[in-house]
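Work out the full structure, taking the sequences as your base and the hints as a guide.
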Amino acid sequence: MVSGIDSAKLISDLDKDNITIATVCSHSSLQIFHGAKLEGFKTLGISVGEPPKYYDAFPLAKPDEFISIEKYSDLANISDELRKRNCVVVPHGSVVQYLGVDAFEEWNVLTFGNRLALRWESDRNLERKWLEGAGLKMPTEILDANDISGPVLVKYHGASGGRGYFIARSVAEFEENIQEGVKFTIQEYVLGTRYYIHYFYTPFSNDGYTVQNGNLEMLSADRRDESNIDEIYKLGSQEKLKSVGMYPSFVVTGNIPVILRESLVPRVLEMGANAIKGSFEKFGGMVGAFCLETVVTDQLDIRVFEISARIVAGTNPFPSGSPYSDFVAPGLSTGRRIAQELKRGIELDRLDEILS
Amino acid sequence: MVSGIDSAKLISDLDKDNITIATVCSHSSLQIFHGAKLEGFKTLGISVGEPPKYYDAFPLAKPDEFISIEKYSDLANISDELRKRNCVVVPHGSVVQYLGVDAFEEWNVLTFGNRLALRWESDRNLERKWLEGAGLKMPTEILDANDISGPVLVKYHGASGGRGYFIARSVAEFEENIQEGVKFTIQEYVLGTRYYIHYFYTPFSNDGYTVQNGNLEMLSADRRDESNIDEIYKLGSQEKLKSVGMYPSFVVTGNIPVILRESLVPRVLEMGANAIKGSFEKFGGMVGAFCLETVVTDQLDIRVFEISARIVAGTNPFPSGSPYSDFVAPGLSTGRRIAQELKRGIELDRLDEILS
Amino acid sequence: MVSGIDSAKLISDLDKDNITIATVCSHSSLQIFHGAKLEGFKTLGISVGEPPKYYDAFPLAKPDEFISIEKYSDLANISDELRKRNCVVVPHGSVVQYLGVDAFEEWNVLTFGNRLALRWESDRNLERKWLEGAGLKMPTEILDANDISGPVLVKYHGASGGRGYFIARSVAEFEENIQEGVKFTIQEYVLGTRYYIHYFYTPFSNDGYTVQNGNLEMLSADRRDESNIDEIYKLGSQEKLKSVGMYPSFVVTGNIPVILRESLVPRVLEMGANAIKGSFEKFGGMVGAFCLETVVTDQLDIRVFEISARIVAGTNPFPSGSPYSDFVAPGLSTGRRIAQELKRGIELDRLDEILS
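Residue numbers (this note's numbering), protein chains in the order written: chain Z, 1 to 356; chain P, 357 to 712; chain B, 713 to 1068.
You may find that some hints are simply not true.
Straight-line C-alpha distance at most 20 Å; calculated PhoX-like pairs for lysine-lysine [said to hold, decoys possible]:
#1 B/K946 - P/K596
#2 Z/K240 - P/K590
#3 P/K398 - P/K372
#4 P/K590 - B/K946
#5 Z/K234 - P/K372
Residues of chain Z clear of chain B, computed beta-carbon distances all greater than 10 Å [claimed, not checked]:
#6 D13
#7 H157
#8 K240
What the hints contain is simulated information worked out from the structure, not anything from laboratory work. No residue lacks a Cβ here, since even glycine has one placed at the ideal position from N, Cα and C.
In structure tokens form, the structure reads like this:
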């Protein structure tokens, strides 16, 4: 697997019988540790400051050990320590966000999945190239604000967790809301219900839904809860609210479980398959957990507005199975699936295909 | 059980030890096949075109065999084949929709449940006669559009999956939105939260919540996700949206799990019991899975706006149990409950009461 | 534990080997009985009128016996009978509501938890003293309606289940909506997503998330469904709806499962810990199940708008485990947790710490 570091050497240095699964204490770490423990792995939490107390409330998801760092940027400095402790790091959204993609790529420790995928997901141009190149339909990008002729989503660059988005329905509304001196992109606002679909791709089996000689699985789906957009409508019209200084915002605060109409599932799987195929064309393949963030219109068109090439927090409602993973193996979570894959890679001596 | 075909003969021709549970590959088929397999039945999927690949992603819900037809209307032509393969068909929403009620009634193959119930549910007049006759409160029907004096739901005939509905609050709004030359019905829009309640009625036990000498069970509840009504409010006022050509629509795209306030549950069960009693009065009884689609007002009145006399897709969030079915048997799904009932009918030699 | 009755005597009179868990037939009783039965307790339902039939549909949650009373106020008169039957009563929202806090405090029967906590939760002034004293952030109270300068929630006194609330955004809107001659409180309307967090506090272990020498657990989280506020937005602007006589209302009709962003969980546990600490300072400690009702703003601030010092109906989606309790013990419900605690108290001969 291609990456900025010599992963072949890291793999050969690994003591295969004593791997510790490590991740940063946040995001989906409860589920990752829980799954790792169920599969018999040792676990290590990386915390900023003191080892966090909250795991004490969740004994089956508490990591065996902790490494504490002072600030998130110190993540870059503990790769020696992580290697010494024989760790494989499962990168989730916070890991990548705190390290930054550049530092993540150069991070000299084994990580689960192909880390190039995280470069491609985090750059909006590469992401669009990857997904549209693979035949997925994304919301149209609008290059000139004067071309706004219907609802659009305006995203500020570097905005994360849902901050720094706004909706405008016309050039006038765009001009009323846009901040000066900040970079942004404008895209068509596709109206419909939102489904965040959690997939898993394994190169180790090809007896199921096969793609590129591996199997694609669909493990669950969720909807994000966003503050304040999911409650502001209760206060009456947005027009009136603006007059008292209240604006809609899109900060993710939680998740609810959902399932999709079964007639959409075949297309949802094809979309996952296409994302996988595109990843092999573009950067050697994405493996493990990933998520397509979709909107389903009232014409039952499915549009993808984002890809996450790693475990997403939307899998957190399902630590003990989901309405989809229960058809794969009863009680299976994405966190546990990751640990199973690592075990499988050890048994088959094919870790090079799933670590980078 | 009364139906257009000789079900007694079909039952006597059935090889009871080798029944295959069949259904059309859509709607709630994953759950139906999953439940059938858990109970040890062989399974057969009926697909339009090639056997669909999506089951490969869900090995525990994949049918053992497939029959492929070219187009849905060909369903009518495979009854010989289905009988030859010793099938009992579990009809779900897509089966009935694609065959049409008339053809479904004449379909010469054993189906789970009393197929007359599907005639009564699919005709809005019969449905109202059945439910109101049984004492269930439905939204008032408005026969003359000039009588609109508050929010109403206007439904076009033959509309399915939520397309072809709109809400109007006055005669003027009705006239602004109605399409010419299309048949419609107008009913009171009952404002409140929506609960789709999934029941099961068995004639084989009467040691529980007994109705008509059988047991009524309540297996789960869900809320439908509808595109675009469940997101359009984020864009601001509907009045303004209409000016950019965006109108609310009601196409079902998914489901979320819900539970009801416990103090409503006694009435919810009484409503199910009344629907059953009414079915025995009107057409010899409804058996197996059914669903009441309800609205709960802020006065805690419960109104029924529709009945589905078969498994609904809203049961799909619960393939491994629900907050209600777990009080009946841990991990029980509606799909599995259907398979259990079939097994029970074989053991008791009473298939005539549950098949038609 | 301090209370208006001699609980030490009640405990010494209790036949520890034959305890019956009793509660009123409503609210969260299915879950309480289900959990009690799983832990091997006998169960007794207190019904107003005939024993309700609805339990017959849920055999695993049906109480072994019933006591029937004519009207809720008769609850006060059956304490002798409940003691004779060797009962411990699990108080839920309906128990307290129907008895009234004064009568509940003098009710001469053992109840689970510290009944003083229910005094403190039910009086808005005491509740605020308790929570703000413990460092929890609540919405600001507005003492003079003329000070309204942004969205506020106006609550009528004694309103329960969500009736008797309204939202106003200005002095004018307040005056337009307020009923004459009714007592009310006004508080800041904190805009954000709502999470109802279900905790459990045990004095019997201190090997986990320790607070006051006991363990704090987080068992689940839900969102309330409210009629008609959760649907009224579909009809268009509230301004227009008022012209046809439709006003938003906030009556709880159900619950949906949710999870919180993991980075909020440490603070959520701290908030629970602070509520516990405050309870020990103010009234000898709250034990067992409790709930903080929170809003998460788009700045990821968490505000508490209410505490329930007992099992809440929001735990009902989770009779067989939740995304949080599964990290404590697979399949654990709050109802079962209560029964386990009672068992533990018997084994350790420390019932005085959990009953009052």
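Tested hints:
Distance hint between B/K946 and P/K596 is fulfilled; the C-alpha atoms sit about 14 Å from each other, no more than 20 Å. Restraint check for Z/K240 and P/K590: the C-alpha separation of about 14 Å stays at or below 20 Å, so the hint holds. Restraint check for P/K398 and P/K372: satisfied, since their Cα atoms lie roughly 12 Å apart, inside the 20 Å limit. Pair hint P/K590 plus B/K946 holds up; C-alpha atoms about 11 Å apart against a cutoff of 20 Å.
Distance check on the hinted pair: Z/K234 and P/K372 sit about 57 Å apart at the alpha-carbon level, beyond 20 Å; violated. The claim that Z/D13 is not at the interface with chain B holds, since no C-beta of that chain comes within 10 Å of its own (minimum 31 Å). With 10 Å as the threshold on Cβ separation, the claim that Z/H157 sits away from chain B holds: the shortest Cβ distance comes to roughly 19 Å. A cut-off of 10 Å between C-beta atoms contradicts the statement that Z/K240 is not in contact with chain B; the least separation is 7 Å.
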